[in-house]
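Undergrad: What follows is each chain in one-letter form.
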Amino acid sequence: MRPLAQSETAVSIMAPTLVGVVLVAFWEIACRAWNVPVFLLPKPSDIAVTLARDWPTLVGALGITLRVALQAFAVSIVLGTLVAFLFVQSRIIEKSFFPYAVLLQVTPIVAIAPLIVILIKNTQAALTVCATVIAIFPIISNTTLGLRSVDPGLVNLFRMNRAGRMATLLRLRIPSALPYFFGGLRISSGLALIGAVVGEFVAGTGGRSSGLAYEILQSGFQLDIPRMFAALVLITLAGVGLFVVMVGLSRLALGHWHESEIGAET
Amino acid sequence: MLARSERTEPRPDGAVAPAVEVLSADKIFPNGTRALAPIALTIGQGELVTLIGPSGCGKSTLLKLMANLIEPSDGRVLWWRGGYDQMIAGGRQVAFVFQDPTLMPWARVETNVRLPLDLAGMAKDAARARVMTALARVGLTDFARHYPRQLSGGMKMRASIARSLVIEPDLLLMDEPFGALDEFTRNRLDDDLVKLCFERKLTTVFVTHSIYEAVFLSSRVIVMASAPGRIFSTLAIEEPQPRQESFRNSARFAEYCRTLSGLLAKASVAGA
Chain P
1 MRPLAQSETA
11 VSIMAPTLVG
21 VVLVAFWEIA
31 CRAWNVPVFL
41 LPKPSDIAVT
51 LARDWPTLVG
61 ALGITLRVAL
71 QAFAVSIVLG
81 TLVAFLFVQS
91 RIIEKSFFPY
101 AVLLQVTPIV
111 AIAPLIVILI
121 KNTQAALTVC
131 ATVIAIFPII
141 SNTTLGLRSV
151 DPGLVNLFRM
161 NRAGRMATLL
171 RLRIPSALPY
181 FFGGLRISSG
191 LALIGAVVGE
201 FVAGTGGRSS
211 GLAYEILQSG
221 FQLDIPRMFA
231 ALVLITLAGV
241 GLFVVMVGLS
251 RLALGHWHES
261 EIGAET
Chain V
1 MLARSERTEP
11 RPDGAVAPAV
21 EVLSADKIFP
31 NGTRALAPIA
41 LTIGQGELVT
51 LIGPSGCGKS
61 TLLKLMANLI
71 EPSDGRVLWW
81 RGGYDQMIAG
91 GRQVAFVFQD
101 PTLMPWARVE
111 TNVRLPLDLA
121 GMAKDAARAR
131 VMTALARVGL
141 TDFARHYPRQ
151 LSGGMKMRAS
161 IARSLVIEPD
171 LLLMDEPFGA
181 LDEFTRNRLD
191 DDLVKLCFER
201 KLTTVFVTHS
211 IYEAVFLSSR
221 VIVMASAPGR
231 IFSTLAIEEP
241 QPRQESFRNS
251 ARFAEYCRTL
261 SGLLAKASVA
271 GA
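Top line first, the protein sequences correspond to chains P and V.
Residues 1 to 266 in this note's numbering are what the first sequence spells out, letter by letter.
Residues 1 to 272 in this note's numbering are what the second sequence spells out, letter by letter.
It should be emphasised that the hints constitute simulated quantities derived from the structure, not laboratory data.
Treat the hints with caution; some may be incorrect.
What the hints assert, rightly or not - Here chain P is said to cover these stretches of chain V; the calculated rule only asks that three of the stretch's residues, wherever they fall, bring their Cβ under 8 Å from a Cβ of chain P:
1. 104-114
2. 117-127
Unchecked claim - Quick partial rundown of chain V residues pointing at chain P, CB under 8 Å, derived from the structure:
3. 69
4. 98
5. 142
6. 143
7. 147
8. 149
Predicted model, so just to flag it, every value in this text is computed and none were measured.
Virtual Cβ for every residue (Gly too), placed ideally from N, Cα, C.
The shape of chain P in the complex, shown without the other chains (with noise of 0.2 Å):
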């Protein structure tokens, strides 16, 4: 690699992580200058110490969060580009099922996680569909798009060469999708997240296994804000490493093509 792309890498890793390590010195330092109670605002190093002290629970948690999480990306994935194919294939079912497909997205999780926990007896289960039903949309609204957004000139191309449907959707269709579709998934893993966290707030875990959200609980009803903040440090840092693995996923597949990655000429 060439020096210059080197330093441009370095640059946007170094920059974000300056401003981070600035932020958290500030909030150290404003916390003990003004004397903040530490259960309303938890100094970084006191949340520090819980992380170390607490760390093979909060893992754990971590650990059974994530699954849920990553369980109902995987369906949100398969699901959701099935149905999104199914969508391409006929006008008329798109017309038909699309609104219903909305629907689950503007419906407040918060309000329906009660009642799929009620319907699901097994727990786990009943969070996944929970994490499920946020995070399909966008997979199913964006992978519906791309498969649409194919330039009609390779469009007529692939008629003239009489290709089939498979073949035109194997080298035609897909590729074309995939930018859409890595956009939807950047989306839905972190709404996958959210889910998984959301729905065992509002449904509990059934005691047996318990997950950050649980732990977020449990510490706030103990006043142990430092572990409360702590169980947040670890989400947050979920989110942003499932974000990253779908971003550096995009760049491996659209890397070499697509505008998107490779950004205005030098």
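Keeping the supplied structure of chain P fixed, place chain V upon it in accordance with the hints.
TA: Just chain V now, with coordinates in the frame of chain P:
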């Protein structure tokens, strides 16, 4: 696909079947627009013919009729004295080149050029040889592994032409392929095109807006008028093929351009 010699075999009476015959074919679009009045036109095998005319004269429509991309509302088009499917069954191929290079941006140049062969089910190894030959023909051998975004406009157009050559067509139809390029690139591509068509005895029909291009390339320029689209006049260019670059600087060239210009002016008024 049949070998070239079999396809250009003369008929028993000595004459070679014309490549394309447009027999009183016309076109009325579903919304009622009369794009073409009945056209009678014969393109001989190995000829390079250009269609030129004011906007809306139906030259692109006529080209698409010859490509079987659209069907005539009346009359018919024959390819080598038979129907289109008959021609395909007989092993002949028609290639169409649009004004847009229309390359798949996610695939390398060689994959793009190989597309018609992939769609026809040819094995990758067998196709490779044809792809490299086609790329060599248009001077893009060194760019086989590049992506379209790394190519200039002229190079993308060359790739598009290579893609049309890879099926070894007998009939090449081009709809203002060089319209979006600068004059120097256009001249160079025209030079290469005439050599190519001459070498492979390709029957070519070329739609253009440029008088210079029409005179330089073709042995026959067909001037069209609009409302309704029809053939207004034909100009024969008596200059041996393949055309040399020097032709552009000659007095004969200037004379032909003057004549064609006059014909076009009349054609533009004849419409309306």
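Undergrad: All hints, please: hold or fail.
TA: Do the hints match the structure? See the list:
1. 104-114: holds (count 4)
2. 117-127: With 3 residues close enough to chain P, the hint holds.
3. 69: holds, 7 Å
4. 98: holds, 6 Å
5. 142: The hint is violated - residue 142 of chain V has no Cβ within 8 Å of chain P, the shortest such distance being about 18 Å.
6. 143: violated, 15 Å
7. 147: Holds, because the Cβ-Cβ distance from residue 147 of chain V to chain P comes to roughly 5 Å (cut-off 8 Å).
8. 149: With Cβ-Cβ at 6 Å, under 8 Å, it holds.
The structure is inconsistent with the numbered hints 5 and 6, although it conforms to all the rest.
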